[in-house]
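Protein chains in written order, with my numbering: chain A, 219 to 525; chain B, 219 to 525; chain C, 2 to 261; chain D, 2 to 261.
Note that these hints are calculated values from the structure, not bench results. No false leads were slipped in.
In silico lysine to any residue, SDA-like type, Cα no more than 20 Å apart, as pairs:
1) A:K422 with B:Q501
2) B:K422 with C:G79
3) D:K9 with B:Y512
4) D:K134 with D:E18
5) B:K422 with A:E509
6) A:K378 with A:D325
7) B:K422 with A:R222
8) B:K275 with C:R208
9) A:K431 with D:E43
10) A:K431 with B:Y390
11) B:K431 with C:K47
12) B:K422 with C:L8
13) A:K275 with D:T7
Some, not all, of what chain C presents toward chain B, calculated at C-beta under 8 Å:
14) G45
15) I227
16) A254
Positions of the beta carbon are idealized from the N, C-alpha and C atoms, including for glycine.
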Amino acid sequence: MHNRLQTKFSGVTVDSPLVLPAGVMGMSYSGMSYSAVHGAGVITSKSLTLQPRTGHKGPVMAGFEGGFLNCMGLCNPGIQDGLREVNDFKERSDTPVIVSVFATNMDDFLQLTHHVNESAGDFLELNLSCPNVFDEFGIPLAASAEEVGRIVGAVKGISKKPVIAKLSPNVYDIVSIACAAQDAGADGLCMINTVGPGMLIDTKMVKPVLHNKFGGLSGPCIKPIALKLVYQTSSAIDIPILGMGGVTYGNDAVEMWMAGAQIIGVGTAIYYRGIEVFNMINQEILAYLDEMGYETINDIPRLEPIL
Amino acid sequence: MHNRLQTKFSGVTVDSPLVLPAGVMGMSYSGMSYSAVHGAGVITSKSLTLQPRTGHKGPVMAGFEGGFLNCMGLCNPGIQDGLREVNDFKERSDTPVIVSVFATNMDDFLQLTHHVNESAGDFLELNLSCPNVFDEFGIPLAASAEEVGRIVGAVKGISKKPVIAKLSPNVYDIVSIACAAQDAGADGLCMINTVGPGMLIDTKMVKPVLHNKFGGLSGPCIKPIALKLVYQTSSAIDIPILGMGGVTYGNDAVEMWMAGAQIIGVGTAIYYRGIEVFNMINQEILAYLDEMGYETINDIPRLEPIL
Amino acid sequence: MDKRVTLKIARITRETELINTYTFKHNLGARPGQFIMLTDFEGGEKPFSIADCHADEFSITVKKVGEFTTRLFEKQEGDFLSIRGPYGSSFFISNQKVLLVGGGYGTPPLYYLARTLLDVGADVTVVNGARTKEDLVFCDRFRHLGVRYQSITQDGSLGQEGTSVDLARNLLKSEHFDFVYAAGPEMMMKALMSELADYEYEFLFERYMKCAIGICGNCTVDPIGIRLCVEGPVMPKKYVVQLTEFGRYHRDATGKRIEF
Amino acid sequence: MDKRVTLKIARITRETELINTYTFKHNLGARPGQFIMLTDFEGGEKPFSIADCHADEFSITVKKVGEFTTRLFEKQEGDFLSIRGPYGSSFFISNQKVLLVGGGYGTPPLYYLARTLLDVGADVTVVNGARTKEDLVFCDRFRHLGVRYQSITQDGSLGQEGTSVDLARNLLKSEHFDFVYAAGPEMMMKALMSELADYEYEFLFERYMKCAIGICGNCTVDPIGIRLCVEGPVMPKKYVVQLTEFGRYHRDATGKRIEF
Ligand SMILES: Cc1cc2nc3c(=O)[nH]c(=O)nc-3n(C[C@H](O)[C@H](O)[C@H](O)COP(=O)(O)OP(=O)(O)OC[C@H]3O[C@@H](n4cnc5c(N)ncnc54)[C@H](O)[C@@H]3O)c2cc1C
Ligand SMILES: Cc1cc2nc3c(=O)[nH]c(=O)nc-3n(C[C@H](O)[C@H](O)[C@H](O)COP(=O)(O)OP(=O)(O)OC[C@H]3O[C@@H](n4cnc5c(N)ncnc54)[C@H](O)[C@@H]3O)c2cc1C
Ligand SMILES: Cc1cc2nc3c(=O)[nH]c(=O)nc-3n(C[C@H](O)[C@H](O)[C@H](O)COP(=O)(O)O)c2cc1C
Ligand SMILES: Cc1cc2nc3c(=O)[nH]c(=O)nc-3n(C[C@H](O)[C@H](O)[C@H](O)COP(=O)(O)O)c2cc1C
Ligand code: FES
Ligand code: FES
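Chain A extracted, bound-state conformation (with noise of 0.2 Å):
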């Protein structure tokens, strides 16, 4: 039968909108298995960078009020062991895989496109969205229009696959950087990474609940955010967005497209709904085209740009 829920983003064709985001079950092949078997329509690997990274100490994960704060501090096997799950989940499945990788300086971003170029990954997103990059840039990356087009320009320019930039929500003019992005030839954008940051406090200890202190917020609180965030973004610009932010139900990711974005991301949600998740969500966008008279998920409409 005719797949409703088919679409496509930058050139790739996915049979499902629903993206596994990075850092999400996608340490291992199998758990991308895990998450394309329930439905996930594309696959993001965790994000990896040139060395391995045991990430901070916990407690890394804690819950309140409408979602969690994490500080998972960018744990990963390495670019080498990490493209490996990539590679052996690839030979197991057809489903579109973005490697995500992060670095500190230029030259690291280059090697890691280097590396990706000879994976069977299908596009390169550049986690250019960490809070705390102090490395070569010398403000936090994310927040310097100039340093992401000067990247996504770079890695453009020797990248085989398709190069999304994922932006960081806590950035003063976030359409300024996307704008940035474009300009640099990025083929799509992926946004938003986690919320604030934020913290938690034990008050019978007197500490705080996450060991690195901080972490980013993600979860059903963060829509609101995402919305606006992707909504203003996609009525300046014109390359894909990759949506995320809090999607749970279906009428989420309908909302997420109606703002702007062409694939959409399902991350914290997984724990409010089970890995099953992805296949509901799906199901439930299917019940809304039905409801509404729609042919295809691309018969969606977005809302009016913003002038």
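Since chain A is already given, all that's left is putting chains B, C and D with the ligands on it; use the hints.
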């Protein structure tokens, strides 16, 4: 009996550390009374402008998982009628009142200060955190340490009341703004105002839910962001902080205290727990004092400051 | 969590030139006296009382008075409208002999109340008043319900000339009622109040509402500060007698006091 | 919502030189096989199986192996520790004839299981093994419980020399069991597995855990990708037989594969 919840804020003794924040229930003298009767130790008026404002068209409020968006649009009866409500309340109550004022240029701020000087209010709070102030101040006022310092300094020069600067969380570096306010003579800080802003979309009518499209986040889900910003700021300044953002239970209030707040705002929680929330939280703080063996609220320790 | 739902207008019933009833297929679960906030996302979100409510549908009755309600009158069956609620307090449900006093577009919520009262075995009398015969609503519906029913208009176009307060005064003189309910223009309720010193009663109030969830403070009433969107809109006698602003002033969208 | 609670250590019981049991007064509501995440907020949050659980208290049994557990051994009764959970899957509760096979610090969760099995009328046999007599835990507790109980050490310090798998093999040869449970070192369970082709069983697994709520992906097992913190740590036979990594490798804190 000895009041174990009594504390001080900028020289004024308060019988409960809980504050009714600006824009919540503080539209009329009776709304203030109703909150004070239920245990609020300090009352803030709605942010008053020189002229009356009807605010944005509805919907002005929308719920989501973990909180609310609002775009009231600074509706208020204007400084004269607003201060009449303050005076009417002060005739009936000893509870300290913070008069919140809002303006888009220096001249208006100074005029408002003159009005407040003649009122029965105990504090003057400058709402410097509206995201959309483009009149005299080139960029949103709240985001410029320089402008914040300039206004606070000028107001301080003529104010007969202690001056509190209310800061926005939606800036790149809140600490530099807090320092500017302190250096300009502010007697205290109020933080945080609403987060974001964010948006929600009606997927049947393909419209933003809020008529103003965007609205600020309040409620439980912003607590982690508020705690982090209060903690970061209190580590850097010496003036007292009126901390708020998502405080709903006694434990939240204790967290806010540990993060560095001297008194604690409780706004959106009124929706979740009723107007009785102030008394409930007061009781919960007392239960915490008992459990931990502290005599009064002032014995509750603070987190070690960030260096 | 405060939930919004967007519904198709299932039915529009013209009551008078200026009054329409809108019915929606939705299990609202409201109690008599409660209200919803309604919007078409074109600017404005307004409170409307529940005129009737079943497991599968509910309705509101709207008078065309300004920008928002004028737009409502342009809607067609099948168009979407978005609601949140139900909100607010509801009427006490008595199973004794009760009198319901309605005025103008205030009467419809008394219909849902009357139906509910009959269900628990109350002896229900309804008096309904309006300016003219053309402004009077729900007459047939009350008659079908099987309550004792009287109506009156200010212009005498139905025979008798006067207000529902006049009808109520007459009834109260000759009979005993265990409980009195009223909904309608504030000055009507104010007039009724002076007849009710010896009665238990509840009135349905209106004040400018924005958040409808009890936090913006726009709908508080002086001097006690209770919120009409949470502790109201239905107010028992014990509150009504304390309200210094009752029949004297209310607050507009800015919060300014406006004399009646 | 995922909830954290900070509790005083009510009791510390020294089991062996390297193994302590920590008891907390708290209604955890855990099922046998589930685990908690534990932290002292000094760096590190680690999974520990529930060794016993009542309405008013629960306990965990901890082996000192590294930085975090060494700090735990310095805590005193009355000190605070913070937990979240319970998390994960739990053991099937059979009321037939069952065999429980424990090894080292893996044995304690089988204690809570055995107690629960007895409650529903199961016929319970427990075999418990460790490296030396000094490493063997919970012997007295199992004996008091009234289950059939055998123990063994690798160094023969209790008489017989061998592992709990050896004890299990003998029992399985001479008797029929309806269900087999095991918890302990992975290589022990791997050895046991080859004895269990004809039996129904569940094993309790360990993998590096960070989030414990099923989203970080650190604890997924190849090739199916089920998460040991959600679908595990208790794995039924139908999953165990599919796990290509079982007894071969696991993943460390970076996600790197580490051979056993
Ligand atoms: C609890 C409650 C129940 C109500 N039930 C009904 C009902 O069943 N049927 C009905 O026709 N009307 C009802 N109303 C009144 C209805 O809300 C107003 O008629 C409507 O908001 C008018 O909007 P407008 O734009 O057409 O007129 P406008 O020109 O904006 O206003 C006309 C008048 O309506 C009132 N009004 C306007 N906005 C609001 C608001 N946000 N909240 C309260 N009052 C407002 C003011 O008194 C104003 O003077 C109710 C009001 C309240 C508070
Ligand atoms: C489901 C489950 C139940 C467990 N139950 C118990 C128990 O009841 N009693 C007990 O003593 N131990 C138990 N463990 C193991 C316990 O978590 C580790 O011993 C502890 O984390 C070691 O921490 P450390 O800092 O002292 O040692 P480290 O030096 O950090 O590590 C020693 C070894 O412990 C393991 N380990 C370390 N951190 C983790 C982690 N975050 N998640 C999983 N394994 C880790 C690794 O295999 C590592 O090689 C359990 C583990 C799991 C996954
Ligand atoms: C546990 C966890 C780990 C994450 N790790 C990464 C990461 O490595 N790289 C990255 O770009 N984003 C990371 N993110 C952010 C997510 O990819 C996503 O942007 C964010 O969680 C918002 O989506 P959600 O609300 O659906 O989870 C992580 C999020 C979580 C919850
Ligand atoms: C309905 C509403 C109206 C508000 N109006 C104002 C205002 O006029 N001035 C202001 O400084 N803050 C205003 N705020 C922000 C609150 O004072 C407070 O900073 C914020 O809501 C966070 O606290 P909470 O999570 O406890 O509500 C408003 C908040 C709400 C929910
Ligand atoms: S309408 Fe906001 S408090 Fe009632
Ligand atoms: S520990 Fe994170 S998925 Fe299991």
